[in-house]
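Order-wise, the sequence lines are chains A and B.
Start counting the first sequence at 1; every next residue gets the next number (this note's numbering).
Start counting the second sequence at 1; every next residue gets the next number (this note's numbering).
Just so you know, these hints were derived from the structure itself, not from any lab.
Accuracy of the hints is not assured; some may be wrong.
To be verified - Derived Cβ-Cβ restraints for the label pairs, each shown as a range: (1) A:A74 <-> B:R65: 15 to 23 Å; (2) A:E29 <-> B:A34: 19 to 27 Å; (3) B:D176 <-> A:R30: 12 to 20 Å; (4) A:E38 <-> B:E67: 42 to 50 Å; (5) B:R31 <-> A:M55: 45 to 53 Å; (6) B:S63 <-> A:L80: 33 to 41 Å; (7) B:D39 <-> A:E63: 27 to 35 Å; (8) A:S26 <-> B:R31: 46 to 54 Å; (9) A:V39 <-> B:H42: 50 to 58 Å.
As the list claims (entries may be wrong) - Stretch by stretch, here's where chain B covers chain A in the computed footprint (C-beta under 8 Å, at least three residues): (10) 18 to 24; (11) 58 to 66; (12) 69 to 78.
Unchecked claim - Residues from chain A that keep clear of chain B, each with C-beta distances beyond 12 Å, as calculated: (13) E32; (14) S35; (15) H36; (16) E38; (17) L53.
It should be emphasised that the depicted structure is a prediction, and the values quoted were computed from it without experimental measurement.
Heads up, the beta-carbon is just placed ideally off N, CA and C, and yes, glycines get one too.
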Amino acid sequence: MSFSPGVDPCEECEKLLQPYLDKQLSDSERAEAESHLEVCAYCRKRYVFEEKLRMFVRQAAVEEMPPDLKQKLAGLRTPLF
Amino acid sequence: MRRPVLAFQSLDTTMLGWPAMSETTPEQDPRRLAEEARDRVHFEEEALALADQVYRVARRLVSTREEAEDLMQETYARAFRAWRSFQPGTNLRAWLLRILTNLNIDRGRRQQRSPDLQPLEEGDYYLYNRLEETGREPNNDQDRVDERLSQDDVVSALSAVPHDFRDVIVLVDIGDFSYADAAQILEIPIGTVMSRLHRGRRILKKELAEQTVETA
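Extracted from the complex, chain A is given alone in its bound form (with noise of 0.2 Å):
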């Protein structure tokens, strides 16, 4: 199913999922979010989507550090003596 943009057609899912996922709730609001995700279809939808949305942006944006990077950190070091 498809939503007119700007409309949460779920306030419910708005209100606890983005921090269900950054896993900022407490013990009691998950709980909530469980079981709101238990019986909403579309939440569970959203849910896998964002997840998997987040676990793609995460794994996309990480460029590793470059090599000599690491080693003209460690000449900023304070010598011994």
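Use these hints to put chain B onto chain A, whose structure you have.
This is chain B only, laid out in the frame that chain A set:
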């Protein structure tokens, strides 16, 4: 489970009003000097061990690899000078990131427009809906998100997000910091972290949606 809130007492104004940080030498006591040298070496080794993780965040806070490398070197030079300001037992990675984000802001980003002035019509469902409209049902294992979006799409979309929003997204989604940690690092209220994260993710999804439509 909530992650522990960071203790940043050691940073206080010394970390914010550069370069007013204490670099006093200990008493000229050989035992104290030896302890100090040992603590400093330990600090430097721990900080260097975190360099890969700090770089991943730094790289997405700035536009180019060269900028990220410069920022890393400035950050570590400053951290090594100010090592006594770090309180052992607190979050060293967050401490380093706080130095780094302050340096990045000092580079002139304060000129940026207020993030709250930017209008944004699309809601949280924009990308989801756009993917459906292009005939690609989201949340289908046969057609996963990573098969519809490329790494370049993500990097490009992220760079299009205004700095104030991007900082929060990078810290939370790439750096894996809690809302509270991000608030401490950026020196903004936790409510602002949450609102910028919410809005920033909307902008990111809008950018991704537009790229998805372009390549459909």
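Outcome of the hint check:
1. A:A74 <-> B:R65: 15 to 23 Å: holds, 19 Å
2. A:E29 <-> B:A34: 19 to 27 Å: Given range 19 to 27 Å: violated, Cβ gap about 50 Å.
3. B:D176 <-> A:R30: 12 to 20 Å: For R30 (chain A) against D176 (chain B), whose Cβ atoms are near 18 Å apart, the range 12 to 20 Å holds.
4. A:E38 <-> B:E67: 42 to 50 Å: Holds: the Cβ-Cβ distance is about 46 Å, inside 42 to 50 Å.
5. B:R31 <-> A:M55: 45 to 53 Å: With a Cβ separation near 51 Å, R31 (chain B) and M55 (chain A) satisfy 45 to 53 Å, so the hint holds.
6. B:S63 <-> A:L80: 33 to 41 Å: Between S63 (chain B) and L80 (chain A), where Cβ atoms are some 37 Å apart, the hint holds.
7. B:D39 <-> A:E63: 27 to 35 Å: Holds, at about 33 Å.
8. A:S26 <-> B:R31: 46 to 54 Å: Cβ of S26 (chain A) to Cβ of R31 (chain B): about 47 Å, so the range 46 to 54 Å holds.
9. A:V39 <-> B:H42: 50 to 58 Å: holds, 52 Å
10. 18 to 24: holds (count 5)
11. 58 to 66: holds (count 9)
12. 69 to 78: As far as the segment 69 to 78 of chain A goes, the hint holds, because 8 residues have Cβ atoms under 8 Å from chain B.
13. E32: holds, 15 Å
14. S35: holds, 18 Å
15. H36: holds, 16 Å
16. E38: holds, 17 Å
17. L53: violated, 5 Å
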